[in-house]
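Trainee: Assemble the whole structure, with the sequences as input and the hints as a guide.
Each chain is listed here by its residues.
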Amino acid sequence: MAKQVPDTRNVGKDAMTPEGTVNRAALAAIFNPEDLNALEMALQMKDQIANATVYVLTMGPQRAADIIREAMFRGADGGYLLSGREFAGSDTLATSYALSCALRKINPDIIVAGRQAIDGDTAQVGPQVAEKLNLPQVTYAEELVAIKEGEITIKRRLERGTEVVVSPLPAVITVNSSAKECRPRNAKRVMKFKYALATSEMAAADQKAQSFIEERPYLHIVEFSAADVNPDPEQLGLAGSPTKVKKIENVVFQAKEAKSLTGEDKEIEALMQELIASHTLG
Amino acid sequence: MNNVFVYIEIEEQQIADVSLELLTKGRELANTLGVKLEAVVLGKNIKALAPELAKYGADTVWCADDEIFAPFRTLPHTAVMVGLIKQEKPQIALFGATPVGRDFAPRVSSALHSGLTADCTELVIGEHKDPKSGKEYDSLLYQIRPAFGGNIIATIVNPECRPQMATVREGVMRKEALATPAAGEVRDIDWKPMVKDTDLAVRIVERHIEERKINIKGASIIVAGGYGVGSKEGFKLVHELADVLGGEVGASRAAVDAGFTEHERQIGQTGVTVRPKLYIACGISGQIQHTAGMDGSAMIVSINTDPAAPINKIADYAITGSVEEVIPKMIKYYKQNSK
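Protein chains in written order, with my numbering: chain A, 486 to 767; chain B, 444 to 782.
By construction, these hints were calculated from the structure, which means they are not laboratory data.
Just so it is clear, CB atoms sit at the ideal spot from N, CA and C, and this is done for glycine as well.
Certain hints may be false.
Said to hold, decoys possible - Sample of chain B residues at the chain A side, in silico, Cβ under 10 Å: (1) P542; (2) V543; (3) D562; (4) V629; (5) N755.
Stated by the list, open to error - As a list, the in silico DSBU-like pairs of lysine-lysine whose alpha-carbon atoms are at most 30 Å apart: (6) A/K729 <-> B/K578; (7) B/K479 <-> B/K490; (8) B/K639 <-> A/K731; (9) B/K479 <-> A/K633.
Mentor: Have a look at this one:
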C-alpha cells in the first residue's frame, strides 16, 4: 500500500495563497517517503521467494498512477489504482475500509505499507486495515529477518530499543523510515514500464497507445472504481468517516526569507513566544 | 457508562509519563462532563500501580493482570480494550501517541468503527452544530491537532460514534497529582472471554532495550552546533537548550571533526538527514554539505555572529549574536513562557 502525498517537507514561498490557505497546486506530489521504505522491504521479500510478485495498491485521483509507475521502475510488477468520487472526504477509517475492500479482492499473502504518510502523520491506516481484514500486524518494521511459507520474522523499532517478532502470514507490516532506503530506478525497467497506464489514462490516450498496451498486458495498471470492490456505500467517503473537521486555522506561514533578529532580550522573548504559540515548541 | 477512559501504558513496571498527563487532562474533561475517570491497565503485576493512578485522578482502575499482556503485543491489548469498551461504553477514550498507542489505538477504533484523532495538542469539551443536518450536540470532545505538515491547526469532532478517541504525544499535556485524591476503586477485567487463541499468534523472540541512545533522525526538535560553538565546553550550552526544549543535539561536520561532540550527531551529506519541526543552528555557517541534511526542516532558526552566513539564506529566523549570549536567553524565555 502506498500513497501519493503533497510534499509538505519542502514548503516553498508560494505554498500559501495570499488568503493564507494552503496552495496544494504549488506543492509537488511525491511518493510518500516511508512507502518507499515499504516498497524496498517488499522487494526484498520478492528477492527471497521464487515467483513472488509485488503490486502497489494506492487510493487517489488518476495522477496517483504516477507512484505506481515509479514503483514499477524500481522493481514492482504492477499496481492497482483505487479511484472514485465516492472516496472523497475519507478519514483514516473510511480510507482503510476502502483499501480493505480492494485487498479482499486482490487477496495478497503479505501487505506492506509505510508507517505513516507525511500529509497526515497519523500512522492509522496500516493497523486499521489489518483489523478490517482480521490479520495480525507488525508495525515500525526496520529489517526483514526471515520469510518462509506462512511465517515472517521482522525486527521492529520500539521507543527505546528493538524487538524481533515472528508473525503468521498473511499479515500487515508497516515500515519505518529507519529501514533500508528504496533501491533506485533501474534504467531497463524505466524503458520497459514508462508507457504503463491506468485504465482511465488509457481511455484518454490515443488509439496507438491503447493498442500498444493491449498487446502488452504488463503495462496495464488495474483501476478499481468503488463499485469494483463491493463496498458498503455507507462506510465510504465523508459518510463513512466518523471524524469531522469542525474548524481549520492557518498557522501563520513563514516564507523562507529570514527574519533578522538581534540577540536582544525583547526579540528573543518574542521569538520563543511565537514558537510556543505556533506549537513548534511545547 | 459514558465515562472517560485512559489507557495506561506500562514500561518496565513504570507508568509512562504520558499516561499520567492523560489522567490529568481526563480528570478535567470528566469534571466538565460530570462523569467518572477510569484508567485501564494491562500487564503483569500491575495492581500495585493503582494508588498512583488514583493520585492522578482515576476514580476506577480496570486491571487485566497476566503475562500475556507484558511485554506489549498488539492483538491481546486490542482485544481487551475493545471488549472493555463494548462492556462499559465510555464516551471518550484517550491513548498516548507513543509507539504503543499509535500501534493499537487505530485497531481499536477500526474494530469499534469509531474515529480516532492522532497526536492532539489540545482537548476541550464544546458544543457543535452539524452544518448539514443542523443537529446540535452540547458536549463533544474537540480534538485539536496540527495538520498538513504543521501548516494548519484542525479541530476535529466525532459527533455520532462512541467512544470519541484521541492520542496525545508525551509532554504535550501537563501532569498534576490531585491535592486530595480519593481511593480509586480497583476492578478486574473479565478478559478471558475477550482474548482468542489467534490473538497470541505473534511471538516476540528477542527484545533489546537500549540505553538512551542518540536518535537525531526521529527528533522533532534539533539543536545543532557548529564550529562557531567554539569548544566542547560550548557544546554543553547546546545540550542544555536541547534538554529544555525536549530535543536532540546535532552537529555539523566541522564541529565533529574538531572533537566538540560525537560522530553520531553529525548532520549533513556525510551524516544523517533530518527533517525536524524545529532546527536551531548554533554557530553553523551553513555550507551546502550541511544544509543538504537539514533543509527539509519545517522551521529553521539560526544563531550566528555573521549576518551574512549562508545558513541565513534558508533560515526562517536569523539571530545575529553569539551562541553564549543567545542560548541562555532562549532557555530563560522558553521557561518563562511555556506552561
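Trainee: Are the Cα positions of B/K479 and A/K633 separated by 30 Å at most?
Mentor: violated (49 Å)
Trainee: Let me know if the C-beta of B/V629 comes in closer than 10 Å to any C-beta of chain A, holds or violated.
Mentor: Violated - the Cβ of B/V629 stays beyond 10 Å from chain A, reaching only about 27 Å at its closest.
Trainee: Straight-line Cα separation of B/K479 and B/K490 no greater than 30 Å?
Mentor: With Cα atoms ~20 Å apart, B/K479 and B/K490 stay inside 30 Å; holds.
Trainee: Is the hint on B/V543 kept, meaning its closest Cβ partner in chain A is under 10 Å away?
Mentor: At about 8 Å, which falls below the 10 Å cut-off, the nearest Cβ of chain A leaves the hint on B/V543 intact, so it holds.
Trainee: Are the Cα atoms of A/K729 and B/K578 separated by 30 Å or less?
Mentor: holds (14 Å)
Trainee: Holds or violated: is there a CB of chain A closer than 10 Å to the CB of B/P542?
Mentor: holds (5 Å)
Trainee: Take the shortest C-beta to C-beta distance between B/N755 and chain A; is it under 10 Å?
Mentor: Holds, about 5 Å.
Trainee: Is the interface hint satisfied for B/D562? The criterion is a beta-carbon contact with chain A at less than 10 Å.
Mentor: Holds - the Cβ of B/D562 comes within 10 Å of chain A, reaching about 7 Å at its closest.
Trainee: Please work out if B/K639 and A/K731 have their alpha carbons no farther apart than 30 Å.
Mentor: At roughly 38 Å apart (the allowed maximum being 30 Å), A/K731 and B/K639 break the hint.
Consistency with the previously given hints fails for numbers 4, 8 and 9, ordered from lowest to highest.
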